[in-house]
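Enquirer: With chain A held as given, fit chain B onto it using these hints.
So you can see what is in the structure, the chains are spelled out below.
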Amino acid sequence: MPADFISNLYVFILAGFVGFEVIRRVSPLLHTPLMSLTNALDAIVVVAAIIIAGRHETRLTTILGAIAVAASFSNMVGGFLITDRMLRMFKSRSKQQ
Amino acid sequence: MTAFDLQQYLDFAYIAAVVLFILSLKFLSSPTTARMGVLAGEIGAALAVIATLFTPGLHEYRWILIPLMIGAGVGVPLGLVHMTAVPQRTALSHAFGALSAAMIGIAEYYVGTAPVTRFEMGEIALEVIIGSLTFTGSLIAAGKLQEILPQRPIVYRGQNIVSLSVLAGAIGLAVALVVNPPNALLFPIMVIVALIFGILLVTPIGGADMPTVISLLNSYAGFSAALLGFVLNSKVLVVAGALDGSSGFILSVIMCKAMNRSFANVMFGAFGQVQASAVAGKEERVVRSATAEEAASILSAANKVVIVPGYGMAVAQAQHKVRELYDALTKKGIDVRFAIHPVAGRMPGHMNVLLAEADIPYDRLVEMDEINGDLPQADVALVIGANDVTNPAARSDQSSPIYGMPIIDVDKAHTVMVIKRSMSPGFAGIDNPLYYLDQTLMLFGDAKQFVGAIVRELGGGH
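Chains A and B, in that order, are what the protein sequence lines are.
Under the numbering used here, think of the first position of the first sequence as 1054, with each following residue one higher.
Under the numbering used here, think of the first position of the second sequence as 138, with each following residue one higher.
Please keep in mind that the hints were generated in silico from the structure rather than gathered at the bench.
Incorrect hints may have been included.
Stated by the list, open to error - When the alpha-carbon atoms are kept at most 30 angstroms apart in a straight line, the in silico DSSO-like pairs for lysine-lysine are as follows:
no., chain 1, residue 1, chain 2, residue 2
1, B, Lys441, B, Lys394
2, B, Lys394, A, Lys1144
3, B, Lys441, B, Lys469
4, B, Lys468, B, Lys585
5, B, Lys549, B, Lys394
6, B, Lys441, A, Lys1144
7, B, Lys468, B, Lys441
8, B, Lys394, B, Lys163
9, B, Lys441, B, Lys549
10, B, Lys468, B, Lys549
11, B, Lys585, A, Lys1144
12, B, Lys469, A, Lys1144
13, A, Lys1144, B, Lys163
14, B, Lys585, B, Lys549
15, B, Lys468, A, Lys1144
16, B, Lys469, B, Lys549
17, B, Lys585, B, Lys469
18, B, Lys585, B, Lys441
Said to hold, decoys possible - Anything over 10 angstroms on all C-beta distances counts as not near chain A; from chain B, calculated:
no., residue
19, Asp142
20, Gln145
21, Thr192
22, Leu263
23, Glu284
24, Ala305
25, Gly309
26, Leu337
27, Ser426
28, Asp511
29, Arg558
30, Leu578
31, Asp583
Glycine included, each C-beta is placed from N, C-alpha and C at the ideal position.
For reference, chain B alone in the conformation it holds in the complex:
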């Protein structure tokens, strides 16, 4: 077979891969077909990789097969992490994706006999800048999620000016390279400046904003792969990158809407700073508390219970106890559903995965918009480890920093029970008027122990 024929077969393999990739995402529309989506994606990827190994002109298979083995050796343990660690794993994989896109872009600058044209230089520079900043930015995000780095926003005076000047520096160097592509000295400096910008971009962002940041980094990683497709004239990369990029972009928009914030506000607004007024003017208000026994008897008398889990539930490792509570209540014929806020957890959809892991059926997990209409009919809303997403001040108090954020309307339920360690405010440091309502009972204690105690009380009732 001549090289030309082989190239055509390669193209057919890539086209098949692209079709399978789109089908893969289409199967993900429902949990019943989703696993077929993984299979479709795997077949597509395997086809493309195997076909590529037959590309004419490859002669150093050592440099391919050893890295492939190393990649598999790193990938398998990263595919087996615990479900609570999925956000940091995801951030790390954005870093890897961006790293490889940046590396290929850099190699493409140095490779080849003919010097790059100005147009190619522009493409490469843009691709390498986005890839590099996504690499370091994702590493910082992974570090924050893994709690190697402090979760709180790290801010200093004039931060935005410093960060934006660094970005301007990288763009300036890129422009200089486009004007004079063979200026090889400037290229590594541009890469370093872009790497620094990635660090500066994510460091000031706090843990509560991670779902948005991780989605944005997802989008950058995808678009850098698509840009690489432009550089290499590879349609399969353009398509895969466009799919990944648009997915990350859609998720970022959903996350921003769920927090009623703009992209600019997330990236440059450091969440921790605006709360000074929220704590002031607080008077002594009374809260009512209840024991596990009282909570159990109220739950037993209910017909409809809505459980609102937050990240605190996962931190307390309480999801398996929550499953026992679900079982105990369901056995009594009580309708139990879970209200899922889009930003519950540390990445989009994280809470669903944590509850699915605890064997809670997915048809019991209900999105915020859907459950809010039903909450006035709920006898009990039980809040476990969630705070700001239940704060009615977001609806009514214009001075609240979270005013306008969509919330789960637990205050409309007949009785509200909140499991909480103490009265200290939540992640964002905002006081929650929900706790002082007449129908609210505070259940003070560790989420795992308290839910366990309620389950024991329910079991003992027989």
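Just chain A, same shape as in the assembly:
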């Protein structure tokens, strides 16, 4: 088994635990923004897509990479935008008065 796999597995397991502990504390009030925010964070795959598209190794991989860049970057832009729009609407009583 490659050494990279083992170190990635360590990272994955630790990040999974961190994710579990952090997300468990998110108020159920904000579960919809949570989903759109994690979606925007997950769109970080755009960095891998940029490398595939920019290396331009074959025509096929470049096209696949370019599609991936567009798809994930739309998630990144749209995800942050809608999350912030939603969170702006959550006001407490004292703030409204």
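Expert: For chain B alone, coordinates are given in the frame of chain A:
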């Protein structure tokens, strides 16, 4: 600077991004800090993207910048949709996320001079299968939520056997590829079979189960990104994918608990099928109805009012009228709170967003478990567009299809008022004994008009 140095700077940018991502989710624990969370996430993402543009070996910037612009062009309108459309937007973004993970996995199979090893082939195959099925599955879910596709479960005899054989086919092809990685013909067939499985997986699931499905797809999209991190040996993808995946998983578990169902039951149990017995054996029972004027006078006399909104309220676009009702009652010194069932709406937390949009303060939105203890002290429980989540049969009637599902105990309130179009049963087709209780008053009519009429009556009382 040599390429080696640059790679180190890149790694530092990615580490900073990972830290900011975790902080971003941590800030989301409270509505007061949540917007800082978005900012942290944005800074992290921007850092990682900008750093990546300096990666050694990139020479075709056209193929990067044009897709980035297209992505922004698609992303901005998708970030500006109406709040009722957030569930389908979310499903669509799961589809995009899974699409890009699958595309990169596929590219990784064809890229490179050295042939992939068996181990790498296994990783790529798994990643591409999950990415592909999540892509088509999320598209179907988005179509159902947008009502382009029928919301009811589409079922046929032997469905589960067909779906599972398709999945087995995809896995079989993956195994064949691991045995012989250069077998390039099998790879596209495996992708197509996985795409078909995604369609078969979500098509039979009905609209009422969408909160669970959308969470599960969230989780799949996250784990496919994490797997991609394994394939590319990219820790930032492993971490972001693990965070997204565990978030989706936690939400799926919460949604399943809130409906007292298992994952297997949601995925393979087609909700619409088990209701045959529920309608049988129904005798004529009397219901009491009331006018807006009567409802207004009961509400004015109350000290504590609990409003139970359901998705029907959003369908009727009644949330702004509900806000007026909240204002009118609060002005009279009445304590008004909203009871939120975890599956109210079409995705986790959807009802909170709809009410927040109508400017109802979030400290008035109370979770089911918290409000249930207070309902016996409530003078009036007003149910607007909710049905099954208030059905006392879930507590008492073992033969009911929703038996065991946690509900909002509105029947414990002194008076229950239910705004409903007619006596027809709700989404799941289950009769609700709440409507026949002595303390229940039915307010027949459209939610928006009826709430508006109550508000007028309350205003006219001065």
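Enquirer: The structure should be examined with respect to each hint, and the outcome stated for every one.
Expert: We went through each hint and held it up to the structure:
no.: 1; hint: Lys441(B) <-> Lys394(B); verdict: holds, 29 angstroms
no.: 2; hint: Lys394(B) <-> Lys1144(A); verdict: holds, 29 angstroms
no.: 3; hint: Lys441(B) <-> Lys469(B); verdict: holds, 11 angstroms
no.: 4; hint: Lys468(B) <-> Lys585(B); verdict: holds, 21 angstroms
no.: 5; hint: Lys549(B) <-> Lys394(B); verdict: holds, 22 angstroms
no.: 6; hint: Lys441(B) <-> Lys1144(A); verdict: holds, 22 angstroms
no.: 7; hint: Lys468(B) <-> Lys441(B); verdict: holds, 13 angstroms
no.: 8; hint: Lys394(B) <-> Lys163(B); verdict: holds, 24 angstroms
no.: 9; hint: Lys441(B) <-> Lys549(B); verdict: holds, 13 angstroms
no.: 10; hint: Lys468(B) <-> Lys549(B); verdict: holds, 26 angstroms
no.: 11; hint: Lys585(B) <-> Lys1144(A); verdict: holds, 23 angstroms
no.: 12; hint: Lys469(B) <-> Lys1144(A); verdict: holds, 22 angstroms
no.: 13; hint: Lys1144(A) <-> Lys163(B); verdict: holds, 19 angstroms
no.: 14; hint: Lys585(B) <-> Lys549(B); verdict: holds, 26 angstroms
no.: 15; hint: Lys468(B) <-> Lys1144(A); verdict: holds, 18 angstroms
no.: 16; hint: Lys469(B) <-> Lys549(B); verdict: holds, 24 angstroms
no.: 17; hint: Lys585(B) <-> Lys469(B); verdict: holds, 21 angstroms
no.: 18; hint: Lys585(B) <-> Lys441(B); verdict: holds, 22 angstroms
no.: 19; hint: Asp142; verdict: holds, 18 angstroms
no.: 20; hint: Gln145; verdict: holds, 16 angstroms
no.: 21; hint: Thr192; verdict: violated, 6 angstroms
no.: 22; hint: Leu263; verdict: holds, 13 angstroms
no.: 23; hint: Glu284; verdict: holds, 19 angstroms
no.: 24; hint: Ala305; verdict: holds, 26 angstroms
no.: 25; hint: Gly309; verdict: holds, 23 angstroms
no.: 26; hint: Leu337; verdict: holds, 23 angstroms
no.: 27; hint: Ser426; verdict: holds, 34 angstroms
no.: 28; hint: Asp511; verdict: holds, 17 angstroms
no.: 29; hint: Arg558; verdict: holds, 27 angstroms
no.: 30; hint: Leu578; verdict: holds, 29 angstroms
no.: 31; hint: Asp583; verdict: holds, 25 angstroms
The structure fails to meet hint 21 from the earlier list, while all remaining hints are met.
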